[in-house]
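There are 2 protein chains.
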Amino acid sequence: MSVAKDTNIPFSRDSLEQLLKRRFFYAPSFEIYGGVAGLFDFGPPGCAFQNNVIDAWRKHFILEEEMLEVEATMLTPYDVFKTSGHVDRFSDWMCKDLKTGEIFRADHLVEEVLESRLKGDKLARGETIQEAKEDEDKKKRKTKVKDIKNVKLDDEVVAEYESVLAQIDGYSGPQLGELITKYNITNPGTGGKLEPPIEFNLMFDTAIGPSGNLKAYLRPETAQGQFLNFSKLLDFNNEKMPFASASIGKSFRNEIAPRAGLLRVREFLMAEIEHFVDPEDKSHPKFAEVKDVKLRFLPKGVQESGSSELVETTIGEAVSSGMVDNETLGYFIARIYAFLVKIGTDPSRLRFRQHMSNEMAHYASDCWDAELQTSYGWIECVGCADRSAYDLTVHAARTGEKLVARKTLDEPRTVEEYEIEIQKKKFGPKFRKDAGAVENWLTSRTQCELEDLSKELQEKAKIEAEIKGIDGTVQLDSDLLKIEKVKKTEHVREYTPNVIEPSFGIGRILYSIFEHQFWARRDEAERGVLSLPPLVAPTKVLIVPLSNSAELQPLVKKVSSALKKEKIPFKIDDSSASIGKRYARNDELGTPFGITIDFESVPDDSVTLRERDSTKQVRGSIDDVIKAIKEITYEDTTWAKGTAGLQAFNS
Amino acid sequence: MSVAKDTNIPFSRDSLEQLLKRRFFYAPSFEIYGGVAGLFDFGPPGCAFQNNVIDAWRKHFILEEEMLEVEATMLTPYDVFKTSGHVDRFSDWMCKDLKTGEIFRADHLVEEVLESRLKGDKLARGETIQEAKEDEDKKKRKTKVKDIKNVKLDDEVVAEYESVLAQIDGYSGPQLGELITKYNITNPGTGGKLEPPIEFNLMFDTAIGPSGNLKAYLRPETAQGQFLNFSKLLDFNNEKMPFASASIGKSFRNEIAPRAGLLRVREFLMAEIEHFVDPEDKSHPKFAEVKDVKLRFLPKGVQESGSSELVETTIGEAVSSGMVDNETLGYFIARIYAFLVKIGTDPSRLRFRQHMSNEMAHYASDCWDAELQTSYGWIECVGCADRSAYDLTVHAARTGEKLVARKTLDEPRTVEEYEIEIQKKKFGPKFRKDAGAVENWLTSRTQCELEDLSKELQEKAKIEAEIKGIDGTVQLDSDLLKIEKVKKTEHVREYTPNVIEPSFGIGRILYSIFEHQFWARRDEAERGVLSLPPLVAPTKVLIVPLSNSAELQPLVKKVSSALKKEKIPFKIDDSSASIGKRYARNDELGTPFGITIDFESVPDDSVTLRERDSTKQVRGSIDDVIKAIKEITYEDTTWAKGTAGLQAFNS
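So the protein lines, in turn, are chains W and H.
Count the first sequence with the UniProt record's numbering and you get residues 1 to 651, in order.
Count the second sequence with the UniProt record's numbering and you get residues 1 to 651, in order.
Each hint should be verified, as a subset may be incorrect.
Copies of the same chain are indistinguishable here, so a pair counts whether it falls within one copy or spans any two.
[Said to hold, decoys possible] In the DSSO-like style, the derived pairs of lysine-lysine whose C-alpha atoms are separated by at most 27 Å in a straight line are:
(1) K291 / K240
(2) K402 / K485
(3) K455 / K122
(4) K571 / K59
(5) K342 / K565
(6) K240 / K21
(7) K99 / K193
(8) K564 / K641
(9) K426 / K485
(10) K291 / K564
(11) K291 / K557
(12) K557 / K286
(13) K564 / K627
Hints in this document: simulated from the structure, not taken from any laboratory.
Produce the complete structure using the sequences and hints provided.
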């Protein structure tokens, strides 16, 4: 709405958290049972806010880009995640203190200990710590580091610590172990020795069926369910490429030590897109529409040099310079930006950070995170990864199903390819029960491998191979098969699509918006205001009759019926509290508009419309006021334009 | 829309299932991995249909009744379900065949074996089996019973079997075991002996956190998450009673042998309401609005007499006669009926069946299921239970948190109550570290228990008690405490609310609607029609240009922009297929309206509007046609009324 906020009261996370809990936006789950770390329930305003954000997401992405929505199950059998690599690699590193039984997440431990030492150094040098507020919050979150010790460090040590912290997301478990040894990091609470980091898989496991034999996991992302349905989706799309699927649903990660409220939870709502694209053509037809959008980037090179200075440039420039790999990735980065700003994040506290090569998920070939700045630091809220052909390839290889798209070539082309010709008559009798496995092994070789095998066969008149499921070395003599380069005319090119994946952590986005939009008025610091954009605010309008007088009742009814007809969510507050107090209560809930009904309303049906952030008021007929609300809320109109036809009003 | 369907082609479940899979409404999850029984994924039309049903549900219940929406986590710690009774009682009975390793759900086994014997008897008596189609489907589902044997039974045996089948939902595990022995029921595939039924808990279990010590379950219902938030919700509602909370989300049940497609699945979407009400006043302010709604009931008495004859009466009469326990329960039954009919269930295939006393869930005091008739028989789709004060009471007792509401009395009242007076000075030194536990035990006694304790104290000058956490018997001498009846004046009555719970299984409802609305036109039996109501149909409009001619393109654009502006979901089919074929493809998807653009459209912007079920066509301006679509889809207008201003059209 771009109404300036009249405040210079500094942000207080405590006040925000109290508000969010008091008004039941969300609260710890199972609180009467003592709670469980990393699990939160949403109350009525939190649900409405989240529903509105999801609705906006569906319109901004699924409808606008004609994506195919899919809902896959959360329960997922072991085999799927074994193939995808999650069983082996989806883990964090943890250190145990065998004496106390405490468990620490290794990277967080290193981070917080080095940060506290740097602060101690600053204090020893007599420097004031500028981000005092933020530090205080951090200290609260990271309860493990009890005191900041006033110890001066050598200049080189300071530089070394700072460099480690800039790369903290990129270390492997063994590297973290080395840092812990090198910097003599111990249990911050007791000073006790810690065991070297070990891997902890973050998936929750369970078993399906009464026999308990079918091991399963709760999905840690919605993506696999989309990949497994690739062929059905391509068919639904009449075989047309590129196309995108999308899923909105819960995922689960068994975090080692979740803190930081909604930012690190064990059960969370995701919205994920899998955009399937020809690896030879990652251009995007609508890229021109976004190319001039200016964004702030933190590329991997900058981070690897130990810096965090942002590069500000257009997405068009970012793609043409090669910093962002391709147009499709770039298009989504710009669309993510537009979405985040539309639902209430502060663009000046939003950046796109590229993953460093050693940080990237096992399936990704390039990845940019939309990060939002909060009192907890910069938080990854949306990942935008190029997963290449990884997932479709591994699932196809494991299941034997073809997961490919086809492109009719403009003109047929001649290709030279290695082909295998098997002498079936000799092959079967020779390998008997293993014949299938051997043939399968042969037919799943790549062109490169076939080239090597062909050479081997020529030179030694045999191939020797280790084949899974067959004991010993398998020998294939040259009378059993030929591997030769043949010329073929192709009319269709068959390929495994690449996948560009924008992946949204909805809870983190919601929390960041709360921080970005929370403030207090100068004269009533004890009550906060949540300046949620009207589009996503839980309730759009508060109806406030000046008094409980029977004379005003028909008008209350008239206004509420009119709002109901337009499907605009509203609340009535006809309590005896003062008008100001009633509005203040709803400022906390982020309600953007108020309609005041007073005795002047009785003769002519005129009412007052109040805007939450500026507390500006205008007056007009019920119909005109509701028309203005509708346009500002749902049709992206500004307050100035939407209320241009209404009269200024001073109470 | 109440347009008569022109068909007498009998329903074929096979054709329906092929359509649903071919058009990717839903499909087995992980199909390329061989699938997992009881898990299904929704494709684009299934997602849209489900989203629309959920949206309608939210409006019909949450908005209309101003319910408080809550979203609680699916992961739930052990303690919660231990308290609620699910750990001990949420189970089915299964029989194992130790020889083959097969596992059968005991009640299903008895049902299918007795049914097959009754059929064999009918064949032996030379009777034709009327429900041939249904039987065939059943046979397919219940693959275990291979052949129906042509064996005549004694008349008494037939009567006995029929009586058992009418009560099949009411037997306990041991009773099922007796039936299996009595009727000599064996493994239907092999004739092998079965072990007696044992209990199998239907909750999926997992562990939270890196230590693996916090045992947890995936919730089998959303209800507990609402109960645990009761105090926060009451506070949010400004302490006003009655009120309702509502949750929409996934739940999980580890079914023993899921079959029957969407009707019995292991992960499913629920929409549940918990209406909290004063146990002394279960009247409902809006009951008068629904009292004349006529419904078809199957009360418990009728079932217990072995019959299934329906009682048809108004909900007003059902409540006043005591058949339905109270107005609030009755109000929800009528609202459930209205909702189910609105979204496309056939009212003539809908009944409300009361649970028999031995069938009721452990927490319920009365329960009515909305059942929908399908080719699988009558299916429970909505439960409407009076859970009494069960859940709030047990959670309060377990956690020590008060889960109560308060009512200011019109005039203060005098009550006599037992009160405990503890001699703190003697109490502490005597019990030392156990003092807290003893005091806690005392203060959590009910009035009845206090009466008994008071007598014991008078008669024996001491109380002897077993207290959890304290070894041996605790002895409380009369110098330590007094328990006496005292008179008090109360201004506020404090009570534990009762809960009326309407609980919707969304997948079952969706599937039943598919069956109720699926048919085929007489001349094109190979293609089906899904007559989904416009409100919930995945796509509302298909735009069909007569040809690919450039002349028609601006009109296609004009119509699609206008639909976009009104937020009406549409698709364009500009393929070269015939108009008829293009419509037929979309009849399968349940698209209710078609807009044909032809060369007559060019001069005057007129288009043809086609209605799916009747294939009636009318013609008018783009604006008028879209207005009609909007009114019929979203404003509950009939086709006749909505198109009254348009011209009849015969192509």
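Hint check:
Taking the shortest Cα distances, K291 and K240 sit within 27 Å of each other inside one copy (25 Å), while across copies they are farther apart (54 Å). In the homo-oligomer, the alpha carbons of K402 and K485 lie at most 27 Å apart inside one protomer (23 Å), although the nearest pairing across protomers, at 80 Å, exceeds that limit. For the identical chains of this complex, K455 and K122 are neighbours neither inside a copy (65 Å) nor across copies (71 Å), given an alpha-carbon limit of 27 Å. For the homomeric pair K571 and K59, the shortest alpha-carbon distances inside one copy (25 Å) and between copies (15 Å) are both at most 27 Å.
Taking the closest pair of Cα atoms, K342 and K565 come within 27 Å of each other both inside a single copy (26 Å) and across two copies (19 Å). For a Cα distance limit of 27 Å, the shortest separation of K240 from K21 across copies, 19 Å, qualifies, whereas the shortest one inside one copy, 48 Å, does not. In the homo-oligomer, the alpha carbons of K99 and K193 lie at most 27 Å apart inside one protomer (8 Å), although the nearest pairing across protomers, at 54 Å, exceeds that limit. For the identical chains of this complex, K564 and K641 are neighbours both inside a copy (24 Å) and across copies (23 Å), given an alpha-carbon limit of 27 Å.
Taking the closest pair of Cα atoms, K426 and K485 come within 27 Å of each other only inside a single copy of the chain (22 Å); across copies the shortest separation is 99 Å, beyond that limit. Taking CA atoms no more than 27 Å apart as the test, K291 paired with K564 passes between copies only; the shortest distance there is 25 Å, against 41 Å inside one copy. Proximity of K291 and K557 under a CA criterion of 27 Å is satisfied inter-copy only: 25 Å between copies versus 49 Å inside one chain copy. Only between protomers do K557 and K286 lie at most 27 Å apart by alpha-carbon distance; the minimum there is 18 Å, versus 47 Å within a single protomer.
Proximity of K564 to K627 under the C-alpha cut-off of 27 Å is found in both arrangements, the shortest distances being 13 Å within a copy and 19 Å between copies.
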